[in-house]
Structure formats: C-alpha cells, structure tokens
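Enquirer: Order-wise, the sequence lines are chains A and B. Here the first sequence stands for residues 0 to 131, numbered as in numbering that gives the first Met the number 0. Here the second sequence stands for residues 0 to 420, numbered as in numbering that gives the first Met the number 0.
Any given hint could turn out to be false.
With a cut-off of at most 25 Å between alpha-carbon atoms, the simulated DMTMM-like pairs for lysine to aspartate or glutamate come out as follows [stated by the list, open to error]:
1) B/LYS33 - A/ASP2
2) B/LYS311 - B/GLU329
3) A/LYS13 - B/ASP39
4) A/LYS104 - B/GLU367
5) B/LYS415 - A/ASP1
6) A/LYS104 - B/ASP222
7) A/LYS104 - A/GLU38
8) B/LYS10 - B/ASP405
9) B/LYS339 - B/ASP405
10) B/LYS122 - B/GLU147
11) A/LYS104 - A/GLU22
12) A/LYS75 - A/ASP47
13) A/LYS13 - B/GLU367
14) B/LYS415 - A/ASP47
By construction, these hints were calculated from the structure, which means they are not laboratory data.
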Amino acid sequence: MDDMYRDYILDHYKNPRNFGELEGATHTYHDSNPLCGDEMTMQLRIGDGSVEDVHFTGKGCAISQASASILTEEVKGKTLDEVKAIDRDHVLANLGIPISPARIKCALLGLKTLKGAAWGLTAWPGEEVKTR
Amino acid sequence: MAVTVKTPTVKASPLDVGRIRKDFPILAQTVRGKPLVYLDNAATSQKPRQVIDAMTRVFEEHNANIHRGVYEFSERTTAAFEEARAKVARFINAPSEREVIFVRNATEGLNLVAYAWGRDNIKRGDRIVTTVLEHHSDFVPWQQLAAEVGAEVAVVDIDDDGRLRRDQLSAELRKGVKLLAITHTSNGLGTVNPVKQIATEARAAGATVLVDVAQAVPHTPVDVQDLGADFVAFSGHKMLAPPGSGGLWGRADILEKMRPFLYGGDMISRVTVKLTEWNELPWKFEAGTSSYVDAIALGAAVDYLTDVGVAKIHAHELSLVAYLLPRLQEIGGVTVYGPKDLESRVGVVSFNIEGIHPHDVATIFDREGVCVRAGHHCNQPLMTRLGVPATTRASMYLYNTTDEMDALVNAIHAAKKVFGV
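Starting from the given sequences, assemble the full structure and let the hints guide the process.
Expert: Take a look at the structure:
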C-alpha cells in the first residue's frame, strides 16, 4: 500500500468532487502554484452567511487536486466564519498522508484558494502582482 | 509522439564509467534502501573527490584572503585562484585570462552584462533578439532591461522537435538587432543550437552576441573564439565544481569600455574622497572577497573534465540517450519533448506520462531512488510553447549508466502502476 498515493487520494484526483463552474457563485478566487504550474479556481455560493454550494476547477498534481476536492466536501453547509477558521493543520490532517516539505504548497493550494474566496480577496495579501 | 532514433553514428560509450563513479563519493549512497540514481545533472552535478579535496586543501593548508596579504598563505591562495582562472581560460579557449571573470554562477554573469553593458548600450527602440529556449536567467534580465530603457525583445520560436526556427531567427536579425542573447544548449530539452553559424549571422547584422553556455560547457567542448561570441556565461556547479563558482568571459575590448558592476574592495586601483579609478581586467569586475575556494575548486573540476575529455563525455551521454529513447517509446502514454534523434543534443530528456502530473512522477521516482527534476525548469516561456505546465526531466552526466536508464524506465512503470494508467 502506498503511503502517499492512497486509493482515496487517487479517487479524489481522478473523480474530483464538486468540480466545474458554479452557477450563481457569489465568491470566486483564482490562484496558482507557479513552481508546479498548478492552477485552481474556487467558487462559493453564500446565502444567509453559509456555504450553499462550492465548486472548484483546476489542473495540477494529485495532491493539490485531491486536497481541494476533499475540502469542498467538507465546507458545504458551513458558515462563512467556520470556513475562515479552517487552518493548514486541519487540511493536512484531513488529507491523512505524509506530505514532504516540497509538496506542502500542493497540499495547501485548495485551502489558500478557498480562503481567498471566503474573504472576498482579489489578490492574496503580499502577493499582489508585481510585473511591469 | 513518435520517437525515431537515428543510431548509426553512435558508438558505445568511450568512458570507463565504473572507474569514474569511484571518484564520486555520493554515488555510493542509497535512497530509501535503493541505490541513488542521480539524473538531475542539468540542475546541478555531483562532485568528485578531487574537487572536494581541492577545497579541503585550501582550508587546511593555506587559507587566507586573496590579492591582499603580503604573507605566504595569502600569496599561495592568490596563486591558486589565478591558476584556476588560467585553467578556465584554457578550457574555453579564451584568448586571455584577463577576459575571464569569476562570478557566482551564470545568472550573475548574465546580470553583470545586463547592468554593466546593457544599460549603457541598449537604448530606446533598440532590439534584443532572444529565444523561447532560454533559461529565465538569460531571459528576465533582457526583458527587464528592455522595459527600463524602452527597447524591444523579439523571442524566436522552436519547431515541434525543439529545434530553433532558423528562418524566424534570420528574419528577426534582419529587422535590426543590438544584442542577440541565445542559449548554446537548452536546459529544458537538450537541444544544441548551431551557435557558431548564428553568431556569424548576428554579428553581420550588427549584434553583440551573448551565449549562455551553462548547459554546454559541462557536456560539450566549447571554444569561445570558434563560437564567435562576445560574451559567454556558465556555472561551476553544473560542471563538477561547487555552487558559488562560475565564469563570465567577454572580449577584452568590450570589457575595457564597460563600467563596473559592483563597487567595493579589490575592484579599484585608487580611491580618493573625490574619485575612484578602477582596477584592470578582470579584477575590475570582482568586487569584494571572491568565492576564491569555489573558484580554486572550479579549477580542479576543469582538470578533472580535461582528463576525462569533454568530447568523450558528450559521446557517453549520447550513448545513454540512444539507449533510453526507444525504451521510452515503448511505454504507452509517455510523450517525449524536444529532439527525438541524436543530432545536436546533450543528455537531457524531457517527458510526461499521460494522466500523472510531473510532481507526482518525481515523488514516486524518489521512492525508487531516482532523482529527476519535475517542473518548469526555469523555462516558463518554453513550457507555454510546449503547451504543458511542467515536464519531468532526466539529465545525464559522465557517471550515469545504462542500468540507471533501466531504473528510470522501471520507475515510470511504478508510477503508472500507482496511478492505474
């Protein structure tokens, strides 16, 4: 049995839950991990302070995609405050696999994108685009 | 993508790899109980005992700052440092040691040119011609310089085999060109560009020619006079020397006219409170205490490479590519990027496995003891051109074996098994 590429990780990777465009999204955030070329967009439909629905789209490695897929299953129905309170340790524990330092960014891309959406950000603080 | 390999000109490896491997202590290591299979040489090479010993000798026997002390140890270290410069000059056939500047790496050498030459010579409306094969270190400095001064950057494309579009390059040169910044050998695909022909054409069009030889000097003989370049830059750590060593070579007449890059100690001849006069070449460009131990070790690496023979190393790498490419072709779902033959290339093979992201590939390879690079290889414009976010890259050097090519192929099967593809 593989420690990292467990069946449920590969299942989430190959059959991502809540994948695709979300109709009537109220909160949308896009982010990427340039090192890997991972791309992710997280969309929330918030009604009455709670997550009525959540979808993501993206492409990338099994870890980033599975992590985002697992996260979307978890946040549906939660209040916006509960979503904002989810932290990295929680996400890593939920993934349930050993993540090497080089892959932490992959594992947390879904969380970063979710938080960007939940907080209504247009850019992650400190990462405003600095091109000329 | 079909892989057809032309093998008639390739002979068996001319190297005694078993003997060479004994010189590299790290190659005896195991990774997770498996023999280390190090195939990330385009990122950095491993170091032979001779290079490690050269560094230790300085520290244990005569360490002192160079160009300063009037005592024996300083003189010995200075002599070793300048001897290393002479070795590097001979290795790339520089006409004079004065033209060889020690830098930390190719990136620093390229930035030195961008700052100390580019900002005085590239003006508004000038054109810089470069290629989609460039490493970011030979791309971003020109892009930023152009944005600063209002110059234009033209980026020459490749064909589907990863070969430079010579027709497009010629057309861009004809439109006018102040600087041609071109890589000799692609770190992403292994393509070797016909730099000598291109440099002739570019100089006829009025260009100053800068060649990034970071992936060339370790793997193929490079003669700067034969190339017809004005500047070349390379990193020591990709050619058996430690990180922190590298070289910039430039034509003396150009270097003489350039302003310094960094100001400080050692690069001056006289300082008064009102003005400063610069030191002569090459020290004008070596401000502060150089990484002299790294430079001395680069000299030892050059000795090692000279003893083995760089042309033989190239032939050895081609024998590995000839072995590997058809085996990759047999594996379903594997796409190879870049040249599919042995013409004008080095031992860099970039590929993807359908349905598996390169980072997952590299993670699974790691557990098989196989070290490869997965990502964009500091080649994002190239990845965009290939239409992929990233690739997996195996890059070979003098100590790699056909057994290691088999280990790579087995690792691909292991990855496919994990992912069920």
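Enquirer: If a hint holds in the structure, say so; if it does not, say that too.
Expert: Comparing the hints with the structure gives:
Of the supplied pair hints, the one linking B/LYS33 and A/ASP2 holds, its CA atoms being roughly 17 Å apart against a limit of 25 Å. As the CA atoms of B/LYS311 and B/GLU329 are separated by approximately 28 Å, the hinted pair breaks the 25 Å bound. Using a Cα cut-off of 25 Å, the hinted pair A/LYS13 and B/ASP39 is violated, with the two alpha carbons roughly 29 Å apart. Simply put, A/LYS104 and B/GLU367 have alpha-carbon atoms about 23 Å apart, close enough for the 25 Å limit, and the pair holds.
Distance restraint check for B/LYS415 and A/ASP1: the Cα-Cα separation of roughly 13 Å lies within the 25 Å cut-off, and the hinted pair is therefore satisfied. With a CA separation close to 43 Å, the supplied pair A/LYS104 and B/ASP222 exceeds the 25 Å bound. Taking the CA atoms of A/LYS104 and A/GLU38, the gap is near 12 Å; set against the 25 Å cutoff, the hint holds. Distance hint between B/LYS10 and B/ASP405 is fulfilled; the C-alpha atoms sit about 19 Å from each other, no more than 25 Å.
Restraint check for B/LYS339 and B/ASP405: the C-alpha separation of about 19 Å stays at or below 25 Å, so the hint holds. Distance hint between B/LYS122 and B/GLU147 is fulfilled; the C-alpha atoms sit about 10 Å from each other, no more than 25 Å. As the CA atoms of A/LYS104 and A/GLU22 are separated by approximately 28 Å, the hinted pair breaks the 25 Å bound. In summary, the hint linking A/LYS75 to A/ASP47 is supported, as the alpha carbons are separated by about 13 Å, within the 25 Å threshold.
In summary, the hint linking A/LYS13 to B/GLU367 is supported, as the alpha carbons are separated by about 24 Å, within the 25 Å threshold. For a cut-off of 25 Å, the pair hint linking B/LYS415 to A/ASP47 is broken: about 46 Å separates their Cα positions.
Violation of the numbered hints given earlier is confined to hints 2, 3, 6, 11, 14; the remaining hints are satisfied by the structure.
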